[in-house]
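J.: All chains should be modelled from the sequences, with the hints used to inform the complete structure.
First residue of the sequence shown: 0, per numbering that gives the first Met the number 0; consecutive thereafter.
I should point out that these hints are in silico values taken from the structure, not numbers from a laboratory. C-beta: ideal position from N, C-alpha, C; glycine also. Check the hints yourself; a few may be wrong.
[As the list claims (entries may be wrong)] Below 25 Å or equal to it, Euclidean Cα-Cα: the simulated PhoX-like pairs (lysine-lysine) are:
id	residue 1	residue 2
1	K1	K26
2	K50	K30
3	K154	K171
4	K194	K44
5	K30	K1
6	K194	K50
7	K47	K86
8	K86	K142
9	K26	K44
10	K205	K194
11	K171	K125
12	K148	K86
13	K148	K125
[What the hints assert, rightly or not] Across the chosen pairs, the derived CB separations fall in these ranges:
id	residue 1	residue 2	range
14	L207	H175	52 to 58 Å
15	R198	L40	34 to 40 Å
16	I20	T124	40 to 46 Å
17	R198	F79	24 to 30 Å
18	R22	H113	24 to 30 Å
19	L207	P161	22 to 28 Å
20	N93	T200	15 to 21 Å
21	T124	K159	31 to 37 Å
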Amino acid sequence: MKTCHYCSSNSLICKGKRGLIQRYYCKSCHKYQQDMYRYRLYDPKDDKMIKLYHCEGLGIRSISRILGYSSNTIMRRILFLGFSVTKPAYLESNQIYEVDELCTYVGRNHSSHHKWIIYAINRSTKTVVDVAIGSRSRDNIGKVIGTIKSLNPRKIITDKLPVYVNLIQPIKHDTHRYSNNHIERGNLTLRTHIKRLFRKTICYSKNLNMLKASILLYLDHRNWKLDAL
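T.: Quick look at the structure:
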């Protein structure tokens, strides 16, 4: 007689099939189980590999095939790891910062579904100081500018989006054409390394939380952790 994987009792009964695999139900612990599973049980030690593969441009299903876990498991781990990231606090001052917005979309590539990754970098160290993800609204841009202003910056460099003018005053504000080349190169790096940000892709984000987790996980692995070393 089969024993329960969870409570080791002999109270298993047949409870239908999933595909061609027999399912069982334990009357003692009230849990379902199978003889065989298509994917292996998740090992938390693989969190490091998920971060690495994700930051090297692999999609969820690519990571799933390589590590042998279901795509749902990979998505749950990216969400968990992404929202476990803590943004570092900086104590610098009198620095020059560049701010820009990178456009992507959630659900489908239509103007009503566009989302923006608004972030700022220290021009000399290339460290990402703060990031906000969502609509290109005054509130979201204001969060990033507020973080910069708390560091007493020497100058803030942006594009010519009108909302910046009032938010940045009285700090020195530069909008010259080639002044923000460093962060524009950062945008290209993000699109190269994160598959859901490719310009022509079917690996786009299906919900905003997944996009946020993906960006935070990338910044933690590629920027913030390196800065702490």
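J.: If a hint holds in the structure, say so; if it doesn't, say that too.
T.: The hints, checked one at a time:
For the proposed pair K1 and K26, the alpha carbon gap of about 13 Å is at most 25 Å, so the pair holds. The hinted pair formed by K50 and K30 fails the criterion: a straight-line CA distance of about 31 Å is larger than 25 Å. Using a Cα cut-off of 25 Å, the hinted pair K154 and K171 holds, with the two alpha carbons roughly 5 Å apart. The suggested pairing of K194 with K44 holds, with an alpha-carbon distance near 23 Å, which does not exceed 25 Å.
As the CA atoms of K30 and K1 are separated by approximately 14 Å, the hinted pair is consistent with the 25 Å bound. This hinted pair checks out: K194 and K50 have alpha carbons roughly 13 Å apart, not beyond 25 Å. This hinted pair checks out: K47 and K86 have alpha carbons roughly 19 Å apart, not beyond 25 Å. Proposed proximity of K86 and K142 is supported: the alpha carbons are some 13 Å apart, at most 25 Å.
Among the hinted pairs, K26 with K44 is inconsistent with the structure: their alpha-carbon atoms are about 33 Å apart, more than 25 Å. Of the pairs offered as hints, the one joining K205 and K194 holds, with about 13 Å between alpha carbons and a cut-off of 25 Å not exceeded. At most 25 Å may separate the alpha-carbon atoms for a hinted pair to count; K171 and K125 meet this at roughly 20 Å. Simply put, K148 and K86 have alpha-carbon atoms about 17 Å apart, close enough for the 25 Å limit, and the pair holds.
A hinted pair counts as satisfied when its Cα atoms are at most 25 Å apart, and K148 with K125 qualifies at roughly 17 Å. Between L207 and H175 the Cβ separation comes to about 33 Å, which falls outside the hinted range of 52 to 58 Å. Checked against the given bound of 34 to 40 Å, the beta carbons of R198 and L40, roughly 37 Å apart, stay inside it. The hint said 40 to 46 Å for the Cβ distance between I20 and T124, and at roughly 54 Å that hint is violated.
Roughly 28 Å separates the CB atoms of R198 and F79, a value that falls within the hinted 24 to 30 Å. Between R22 and H113, the C-beta spacing of about 43 Å breaks the proposed range 24 to 30 Å. Under the hint 22 to 28 Å, the C-beta atoms of L207 and P161, about 25 Å apart, fit the expected range. Judged by the Cβ atoms, the range 15 to 21 Å given for N93 and T200 is violated: they are separated by roughly 40 Å.
In this structure the supplied range 31 to 37 Å is violated for T124 paired with K159, their Cβ-Cβ distance being about 25 Å.
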